[in-house]
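Chains as they are written, first to last, in numbering that gives the first Met the number 0: chain X, 0 to 569; chain S, 0 to 569.
Source of the hints: derived by calculation from the structure; they are not laboratory data. Any given hint could be a false lead.
Claimed, not checked - Output of the computed footprint for chain X on chain S, the stretches with three or more beta carbons under 8 Å from beta carbons of chain X:
1. 364 to 377
2. 520 to 534
What the hints assert, rightly or not - Below, simulated DSSO-like cross-link-like pairs (lysine-lysine); rule was C-alpha separation at most 27 Å, straight line:
3. X/Lys521 <-> S/Lys521
4. S/Lys4 <-> S/Lys20
5. X/Lys20 <-> X/Lys4
6. S/Lys525 <-> X/Lys438
7. X/Lys525 <-> S/Lys438
8. S/Lys438 <-> X/Lys521
9. S/Lys438 <-> S/Lys521
10. X/Lys438 <-> X/Lys521
11. S/Lys521 <-> X/Lys438
The C-beta atom is built at its ideal place from N, Cα and C for all residues, glycine as well.
Protein chains: 2
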Amino acid sequence: MTLLKRVLPLLSQLSDYGREKLRGDLSAGLTVGVMLIPQGMAYALIAGLSPIYGLYASLVPLVVYAVFGTSRQLAVGPVAMVSLLVAAAVAPIAEGSPQLYVGLAVLLSLMVGVLQFGLGVARFGFLVNFLSHPVLSGFTSAAALIIGLSQLKHLLGIDLPRSNFIHEILWTAAGRLGEVHPLTLLLGLGSIALLVGLRWWSRALPGALVAVVLTTVVVWALGLDEQGVAIVGTVPGGLPPLSMPPLDWGYARQLAPSALAIGLVGFMESIAVAKVYAGRHRYEVDANQELIGLGLANIAGAFASAYPTTGGFSRTAVNDEAGARTNLAAIVSAGIIALTLLFLTPLFYYLPKAVLAAIIMVAVAGLVDWDEARYLWRVDRRDFGLMVLTFVATLTLGIEQGILVGVIVSLIVIIYESSTPHTAVMGRLPDTETYRNLKRNPEAMTRSHVVVLRMDANLSFANVSTFQDLVLDLDVNDPALEAIVIDMYPVNQIDSTATHTLRDVIETCRRGGVRLYLAGVKGPVKDVLDAAGLSDDLGEERFFLEVHDAVEAAEAAVEDDESAAEPISS
Amino acid sequence: MTLLKRVLPLLSQLSDYGREKLRGDLSAGLTVGVMLIPQGMAYALIAGLSPIYGLYASLVPLVVYAVFGTSRQLAVGPVAMVSLLVAAAVAPIAEGSPQLYVGLAVLLSLMVGVLQFGLGVARFGFLVNFLSHPVLSGFTSAAALIIGLSQLKHLLGIDLPRSNFIHEILWTAAGRLGEVHPLTLLLGLGSIALLVGLRWWSRALPGALVAVVLTTVVVWALGLDEQGVAIVGTVPGGLPPLSMPPLDWGYARQLAPSALAIGLVGFMESIAVAKVYAGRHRYEVDANQELIGLGLANIAGAFASAYPTTGGFSRTAVNDEAGARTNLAAIVSAGIIALTLLFLTPLFYYLPKAVLAAIIMVAVAGLVDWDEARYLWRVDRRDFGLMVLTFVATLTLGIEQGILVGVIVSLIVIIYESSTPHTAVMGRLPDTETYRNLKRNPEAMTRSHVVVLRMDANLSFANVSTFQDLVLDLDVNDPALEAIVIDMYPVNQIDSTATHTLRDVIETCRRGGVRLYLAGVKGPVKDVLDAAGLSDDLGEERFFLEVHDAVEAAEAAVEDDESAAEPISS
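All chains, please: the whole structure from these sequences, using the hints.
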């Protein structure tokens, strides 16, 4: 039973289910479902797909995540960023063929799902930590600009070639301003005004739905489609057809880098949101189980005509506010979508594309993260630089290249941080046996011939170089040095590379006639030193529990040397 | 003057130069120069080049490194591993054209040099830390096997197609055993016996040179070349021609991944050796200046027909043993090579290729690191796994793929280590105000409603998830919890991502009715918290210098609550 609950987290969510929870889930499910109809269709446009595919992506993945995911409020489905990445990945390969385009989008969902599922099963959830927040934020801001501008053609009613570079889009649009379709523009701007106004008035209103209904009625009543306003047209009814992704090795290889990007970016967006709401409601989300849940949702989606999905920020917020207590809410949302697909698709015939563009533009305007940029400028100038770098790289080099730059920069930061741990030369606090960092405690006392060092990190291949330099620096600068005491208390683990370096350090000290003492070596570390033969190499008499005892022993040894040397010199 | 000495480290090495140092440098330079002649020619064979290119690579790069490098014993020049990587990179592109092959090898040297120089100038020397020792060791061992077997054709005197897969080489060789040329095999095995015997007898003997001279004389005297023993043949005399690498963008793109691999692997091999000897002689090597030195050596080499070079292990050891005190030794070695090129190349006509193959095989046999494998098995089982993984990947997937696997695995380990710092729930040691890890100090006392936590790392994007979970785990498991004290003493830095997480944690605690206290926050961290508005958010009264004071305050607040609640309940 426990195993079953771990594999199917929904079961434990439902273990103490009652009327109050049901009311919350029903209300939230209805609200999000109604919100999903226009959003899903709009996001499908970003992905370069027909609107109906946005609805397909809002059905099966929701139900599958609801069963396997650990977050109780997370609203899975099509999101703007992943949609943009899908378009960037599929468009260059599918040039011209709509059927192939859909096939590739679905194949991508399968690949993303398999990747996420595999990472989850292999317990690689810790990878969530490897993209830094400013990098994600810079990327999101740039992507929001690109997404917003990609909808310009629908808003202006002119035909613009697809591009991921905003200067290209703006330049081409400026050259064709004369072709703008006034009625379309009016509808679009009106929708934007309506959306912003409704949101300002009350966040609880389903603004997008109101705009969709209103503009559809207007187009139908006034026959605007006959005057050149682009409409969605016939939307096929019924549940999504079962699809078999084109399992073509050549396509899969071409899509692989994109699948990696979508899998990781999608997961990171999702887990960040999930953790916030898990914290608020005091339950745990498990990163590995989340990967499994999202992975299965994408795999199942691939067989039901869905393109890649993940947990989205805005709908999750609405879901929570509307009272979602368990994943039943998501199943209710999926039910709304199913009913829509079965009975309501004829109503979308007169839906103008301009309103979908307006919905997208209003949604992504909030993603350009000016506040974060200002915050970083104030709090952390280096992170500000990272954000700007990723932002500029995404706008100038392209979307996937922007992510790549962000990943590389994040990795470099991690390597840098790992390889430069905090180190300290320590002194004894007056009238105590306590040793502290000299820089922070200038009153601490040092001895003439004995230096006490500390490195605040586990000794591993990533930082042995710093450790070695810490000792070598001393060696070079201070010929009067007689003994070095290393405070090993912060070291909880030591890897094999570090044992080699420690052997080099012991050897260096011996050749230099400097005694080396280790203080506060913890049990597991001592075991490794024993196995590596370093305890014998250094000598057990050089190990001490407390820094102070090691220093005393070193001092005594130095005095012995001097008194032994005296008779000769005198 | 100081700047000049920093840019040209040779100047400071020569500042107190005397007769004794000169004697050491002359002796070491002569020894290494004599050793370089056969080694250089042999390594050129590994790289798939004519032997003469090994001598070219032993000339200009040595002099340039001598001027710009910080190591005083490092012997730069062609090395086995880099030669193998050059062959793996160039052979598939240059198929069939010897002239193009040379051009690409020289272009590769330029690219490697520019990469290393750029990384050095940008202070990216810390990247040296990102390949773990077991990964390098596994890769080296596999490469040694591949290098050794690649010479089998010269030893057996049969024609084998080039391959980087040992099973292919062995399988093809087995099928052609009937074609083995007995005289060649005899010469080769004889040379191996001679090399091993001489090394066993005395390490100071230039064994390779003895073998080369002996076998050349034998081939010439007995006319073995007319009986089918492959000889080196005409070697062009004179200093290397100035070369202009083919600056072709297409080739450069194809070679880029290899240049990256060679640049990093070469640098890591070199700096590891340099650090060992710097430690023994008590001076410092600067990783960034080393990158600049090796980079300039490779760039200059590219214009003098050299293929990529780096600091090698075996010649550096010989250089040091023979008494090298400054980089003048390397300049002496280069002088020997120059004299050889000017006057001695006719003597190489009868040099049998089998003896070069023998030299290589004996040299790389020592690189298969059985000792390290046994050591890792004993000391660190996870590192043993990494070594085996890289070893197997290099043998089965290919050389560059093997490095790639090693790099990825090393990165995953770094990310994993960064994202899972040591954490502790702490208790108060009896009769003190000191708080320590409960797990290590089971006698430490805990309070009922106040939990003290500590994470031993700087708070950054890589580990905030662990930090968040540390607090959330408590929250979930212990409903009686009233206050959390976080010991911030180990935190020296906090980045912007961590400030967001800390805000989430503060918010989570507030919603859960749990008081949060921070103890021992250091100055720079407090500044960031102030700038981020977190100090105001939490309230200045929640900051304490000592853990004990924070715990006392938390206890007092809990009691206040209870006494305030009492009148209502009673």
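Verdict on chain X covering the segment 520 to 534 of chain S, criterion of 3 CB contacts below 8 Å:
holds (count 4)
Are the Cα positions of X/Lys521 and S/Lys521 separated by 27 Å at most?
holds, 26 Å
S/Lys438 and S/Lys521 were given as a pair; does the straight-line alpha-carbon distance stay at or below 27 Å?
Status holds; Cα separation ~26 Å.
Decide if the proposed pair is consistent with the structure: S/Lys4 and S/Lys20, CA atoms, cutoff 27 Å inclusive.
holds, 19 Å
Restraint status (C-alpha distance of S/Lys525 to X/Lys438 at most 27 Å)
holds, 17 Å
Is the hinted pair X/Lys525 and S/Lys438 satisfied, with a Cα-Cα distance of at most 27 Å?
holds, 17 Å
Does X/Lys521 lie within 27 Å of S/Lys438 when you go C-alpha to C-alpha?
With a Cα-Cα distance of about 12 Å, the restraint between S/Lys438 and X/Lys521 holds, given a limit of 27 Å.
Just to make sure I understand the rule, a stretch counts as covered if three or more of its residues have a C-beta closer than 8 Å to a C-beta of the chain. Does the segment 364 to 377 of chain S meet that for chain X?
n = 3 at 8 Å, threshold three: holds.
Take the C-alpha atoms of X/Lys438 and X/Lys521, compute the straight-line distance between them, and say whether it is at most 27 Å.
With a Cα-Cα distance of about 26 Å, the restraint between X/Lys438 and X/Lys521 holds, given a limit of 27 Å.
When you check the alpha-carbon spacing of S/Lys521 and X/Lys438, does it fall within 27 Å?
holds, 12 Å
Can the restraint linking X/Lys20 and X/Lys4 be considered satisfied, given a maximum Cα separation of 27 Å?
With Cα atoms ~19 Å apart, X/Lys20 and X/Lys4 stay inside 27 Å; holds.
Of the numbered hints listed earlier, not one is contradicted by the structure.
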